[in-house]
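For the record, the sequence lines run as chains A and B. Going by numbering that gives the first Met the number 0, the residue at position 50 of the first sequence is 49; the numbering climbs one at a time, nothing skipped. Going by numbering that gives the first Met the number 0, the residue at position 26 of the second sequence is 25; the numbering climbs one at a time, nothing skipped.
Since the hints were made in silico from the structure, they are not lab data. The structure displayed is predicted, hence computed values, not measured ones. Any given hint might turn out to be false.
[To be verified] Below 30 Å or equal to it, Euclidean Cα-Cα: the simulated DSSO-like pairs (lysine-lysine) are:
| hint | chain 1 | residue 1 | chain 2 | residue 2 |
| --- | --- | --- | --- | --- |
| 1 | A | 55 | B | 184 |
| 2 | B | 184 | B | 66 |
| 3 | A | 86 | B | 241 |
| 4 | B | 162 | A | 94 |
| 5 | B | 34 | A | 4 |
| 6 | A | 94 | B | 208 |
| 7 | A | 55 | B | 66 |
| 8 | A | 86 | B | 208 |
| 9 | A | 50 | A | 11 |
| 10 | B | 162 | B | 279 |
| 11 | B | 113 | A | 86 |
So you can see what is in the structure, the chains are spelled out below.
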Amino acid sequence: MADLKLTDQNFKQEVLDSKTPVLVDFWAEWCHPCRIVSPIVEELAKEYEGKLKVGKLNVDENGVTAQSYGVMSIPSLLIFKNGQVVKTMIGAQSKDNFKREIDSVL
Amino acid sequence: MVYDVIIIGSGPAGLTAAIYTTRADLKTLVVSGVKWGGQLMLTTEVENFPGFPEGIQGPDLMQNMRKQAERFGTEFVNDDFTSADFSSRPFKVSVGGKTYESKSVIIATGADTKWLGVPGEAEKIGRGVSSCAPCDAAFFRNKNVIVVGGGDSAMEEALVLTKFATSVTLIHRKDSFKASEIMQKRVKENPKIKIQFNSEVVEVLGESKVEKVKIKNNKTGEVSEMPIDGVFVAIGHIPNTKLFKDIEVDGAGFIKARDHYLTNIDGVFVAGDVHDSHYKQAVTAAGYGCAAALEAQKWLREQES
Chain A
0 MADLKLTDQN FKQEVLDSKT PVLVDFWAEW CHPCRIVSPI VEELAKEYEG
50 KLKVGKLNVD ENGVTAQSYG VMSIPSLLIF KNGQVVKTMI GAQSKDNFKR
100 EIDSVL
Chain B
0 MVYDVIIIGS GPAGLTAAIY TTRADLKTLV VSGVKWGGQL MLTTEVENFP
50 GFPEGIQGPD LMQNMRKQAE RFGTEFVNDD FTSADFSSRP FKVSVGGKTY
100 ESKSVIIATG ADTKWLGVPG EAEKIGRGVS SCAPCDAAFF RNKNVIVVGG
150 GDSAMEEALV LTKFATSVTL IHRKDSFKAS EIMQKRVKEN PKIKIQFNSE
200 VVEVLGESKV EKVKIKNNKT GEVSEMPIDG VFVAIGHIPN TKLFKDIEVD
250 GAGFIKARDH YLTNIDGVFV AGDVHDSHYK QAVTAAGYGC AAALEAQKWL
300 REQES
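Chain A extracted, bound-state conformation:
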């Protein structure tokens, strides 16, 4: 489910300690390209249910996490596996592109 709201507080528990890989969508209210990516992320969450956990992190409210992963442009989608970043996807892209990138690390 993409309605998982990630924060600086729950990031370790929900992402870093997660048994399944996690896709994190770094976004903000003011970011228009994020609005393009958001529905795609919802669809990905459904299609990869069980294989990939999907969550959203608001960079304005959770600056510590965004900064510690060097996020300097949004939307950025990062995939975490066993607590490590294994894929960084920056900017709006097609769903097929995202799927190719996700499949390459799952």
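Place chain B on chain A using the hints.
Relative to chain A, chain B alone:
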């Protein structure tokens, strides 16, 4: 099913064309691209689009144009155009794995950011190198940034960045800006903005993100290093014509248009920044979109008679 018109592109040119063709009862498909809406999606306030005395946010303007096109029945495919076959009719337009057929086509693919093309730049896009201050400025709070360019968009980027950054330096290779007077005035009056003329970025340095740039003074030839957190590139745009095989373009890649809307292929029309290297305004793009739509409509009518 065969469409009457397929419009490739969804900026002001494409969406205005769609409003006109659908109101003329032509079956219309817009291939919008994933990043639909064109260059205005990467701006903040648009002050010179007529009809909005207080200005309007670029993305809001595009959302409105899209709604207006949808209201009259325009269909959209929100994916990136991949190829077109104009060698026989109906024309074929491929988007991802799907192919759509149409009696006529309007190319309105616009133009994309022109990058500096210097070492260290490409791999740091999104890691300190950006072409969209409204998107990324907030990540440069209390940091130092440069903006490269001398036109209106460079001025806008610089002004947007002053809301967050400690200092903004405009780097321009010439000794004066070509931006409009009003934008230049705002830039020069802003205490956070410094200006460096006759200067070119020759390299972007840094481990995983931007840390420094090498700047060359093109008058003295002297190269110096400047520690910096962000590089915003606003040196212009390149027309999106690479994917069109049979369409004639000029040396800079712009589609060669006759009478502002005709390409070298009968039934394939053109509108907006993809052929306009001169005005490059939202309102001129919209105007060209209207013209191409009216001409496509006339051409379709002539084909039937």
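* Do the alpha carbons of residue 94 of chain A and residue 208 of chain B lie within 30 Å of each other, as the hint requires? -> Answer holds: residue 94 of chain A to residue 208 of chain B is near 27 Å, not above 30 Å.
* Taking 30 Å as the top limit, are the C-alpha atoms of residue 34 of chain B and residue 4 of chain A close enough? -> 25 Å, holds
* **Restraint status (C-alpha distance of residue 162 of chain B to residue 279 of chain B at most 30 Å)** => 27 Å, holds
* Taken at face value, is the distance from the CA of residue 66 of chain B to the CA of residue 55 of chain A at most 30 Å? -> Status holds; Cα separation ~28 Å.
* CA of residue 86 of chain A to CA of residue 241 of chain B, is that 30 Å or under? -> With a Cα-Cα distance of about 29 Å, the restraint between residue 86 of chain A and residue 241 of chain B holds, given a limit of 30 Å.
* CA of residue 55 of chain A to CA of residue 184 of chain B, is that 30 Å or under? -> 41 Å, violated
* Are residue 86 of chain A and residue 208 of chain B close enough, with their CA atoms no more than 30 Å apart? -> 16 Å, holds
* **Given pair status - residue 94 of chain A, residue 162 of chain B, alpha carbons within 30 Å** => Not OK: residue 162 of chain B and residue 94 of chain A at ~33 Å, beyond 30 Å, violated.
* Given the hinted pair residue 184 of chain B and residue 66 of chain B, is their alpha-carbon gap at most 30 Å? -> Distance of about 36 Å is beyond 30 Å: violated.
* To do: Take the C-alpha atoms of residue 50 of chain A and residue 11 of chain A, compute the straight-line distance between them, and say whether it is at most 30 Å.
  => 19 Å, holds
* Asked: Quick one, are residue 113 of chain B and residue 86 of chain A close enough, alpha carbons at most 30 Å?
  -> 26 Å, holds
Hints 1, 2, 4 from the list above are not met by this structure, while the remaining hints are.
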